[in-house]
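Chemist: Taking the hints into account, I'd like the entire structure generated from these sequences.
Which chain is which? The protein sequence lines are A and B, in order.
Following the numbering used here, the numbering of the first sequence begins with 1 at its first residue and continues without gaps.
Following the numbering used here, the numbering of the second sequence begins with 327 at its first residue and continues without gaps.
These are computed hints drawn from the structure, not numbers from a lab.
You can take every hint at face value.
Across the chosen pairs, the derived CB separations fall in these ranges:
1) A:P137 / B:K567: 53 to 59 Å
2) B:K357 / A:E201: 57 to 63 Å
3) B:F542 / A:G185: 40 to 46 Å
4) B:S417 / A:R164: 31 to 37 Å
5) A:P137 / B:D574: 42 to 48 Å
6) B:K538 / A:R181: 32 to 38 Å
7) B:K535 / A:E201: 39 to 45 Å
A partial selection of chain A residues facing chain B, derived with a Cβ cut-off under 7 Å:
8) G163
9) A167
10) E169
11) H172
12) V173
13) A256
14) L265
Glycine included, C-beta positions come from ideal geometry on N, C-alpha and C.
Number of protein chains: 2
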Amino acid sequence: MTSLPGAPAARGGIDLGGTKIEAVVVDANNKLIGSARRPTPTAGGPPDVAAALAAAVTEAAETAGVQPAALIGVGVGSPGVVDPDTGAVSSARNLPNWEGRYELASELSSRLGTPVSVGNDVQVATNAEFELGAARPYKSVLGVFWGTGVGGGLILDGKPWVGRGGAGEIGHVVVEIDGARCGCGRRGCMEAYAGRGQLEERARRRVEKGRKTELFKLMESHGRARLTSSIWARALDRDDKLATELIDGAVRALGAGIASAVNVLDVEAVIIGGGLGIRFGEPFAQRLAREMHPHIFNDQPPPDVHVAALGDLGGAIGASLLARTW
Amino acid sequence: MTSLPGAPAARGGIDLGGTKIEAVVVDANNKLIGSARRPTPTAGGPPDVAAALAAAVTEAAETAGVQPAALIGVGVGSPGVVDPDTGAVSSARNLPNWEGRYELASELSSRLGTPVSVGNDVQVATNAEFELGAARPYKSVLGVFWGTGVGGGLILDGKPWVGRGGAGEIGHVVVEIDGARCGCGRRGCMEAYAGRGQLEERARRRVEKGRKTELFKLMESHGRARLTSSIWARALDRDDKLATELIDGAVRALGAGIASAVNVLDVEAVIIGGGLGIRFGEPFAQRLAREMHPHIFNDQPPPDVHVAALGDLGGAIGASLLARTW
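Modeler: Structure below.
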């Protein structure tokens, strides 16, 4: 890649989440030079999502003083099943009417006038931590992104490991045979106890049965429609009993599930990201390490556990790394 | 490697198990040309085990018409923690008085007059299936060896994956938080429900509480001191209720635990070996695949499941592959 004088070799990166779209523009040294955020469309279909992605990266490029067509490329981290060759996305169940296959890379590329590459959202966030963030000192890493769901990404021997395309589904490690029903329809998955979506459902059911909690009052007083990561953090700060109980259960499930993956892979480090992981921060990461420890087989020493260093923008920055090959 | 006329470039391989030592001699094409078996010493210490290993491979070499010193090398698959550089073995808890470190490779090499290399027993058995057995068609494989314990080995992108030296501990994937006590001292491990050692303990406790079973009568009438794989198979053939119940529980735990590992790694195939895995054979492997299926996230299609093709000698043949580098 050559960078002409005056041409900043800027790249775009987009993190396509179930609730929001985060777009960044970085320079050749991966330094952030622009960003934008907008809500993910809740109606319509894949073309509407593609339009929102184009608008977000265009806005981020404007804040960086670059034309979108002048970007050397744009990377997208997407949920669902991503075809790495074509950049098509299928089964993105958190997005509106996105069960089938949609040629996201080529559609977005023609809107923007620059090449577009698409990767799995959690894997690109793990790559970002490996190249630029908390996982830089290591060659084998498990990234765990704890938010609405619990996703995982792997770096083994310095390279991403995606298996047949579906690796890293740590949220669906079984921690209780015939246990709680997960959002995926299966039983006993770690995510059934730890995912923010399932935690909210469980809190609602307990309230219906008469349990008291500040959770939903905090949600309303902060003008939210969902129990966001910061609502959970506020409730814990107030020693809300139900919130404490549910997060304790989540940490127990995360400890067992992550330790199971570590026992199979024996990685050097575990990086905790995602909305809840980042909101709770380093003290929580150390609590999680203690919760994992009794289950870890090769504990001489156990793997290091750190919070993702790139924060909320890690997904978008990781996506921008996909755009380096042009 | 050059093979002089009359010198068959024969190699030795030894599988060092908790109850028996299996030794083979193979030619340059990995064809079996000699074998021997003897019990693992139950008293003494590492030097006594080394003497028994030397005697076993000497006997195998004799059946092949080769002097031990004429072998181009000998490989050993060992339990415990193996130092791949020196061939020292530590913490081999199933072997007599083998808590500390013992220089197995150099000790055995001076006894035999030929180079000796040592690897992890389960990983060499997985390598054997990958190079010569049921996993030949695949590039990513999880080997599961179901016997006294449950061990695992990994091939990722055509190469063994050992992590920091302790990968593949699939027996200690957590399938029930705060569940049954495992032989390792932890709780809820897959091995606590599926390992032959734990199954026997559970059977004994049930009998003490008055449960009826043919298991221990069969053990005595076949002159065994333990519930071996073939005793379990015979009890199942007779529809023994306790044996059926315990093996059902083992299969449920194996299904959940192996599926958890598959959800993280998304390998192409799972190979089932070990005493129980081989004794129960292909119908059991297909039953296990059905038990895994409800937990598998990327099930389009699920990974293939096969029985180890090299049978009881897979560990020793895999060990002989370690001796190829001279």
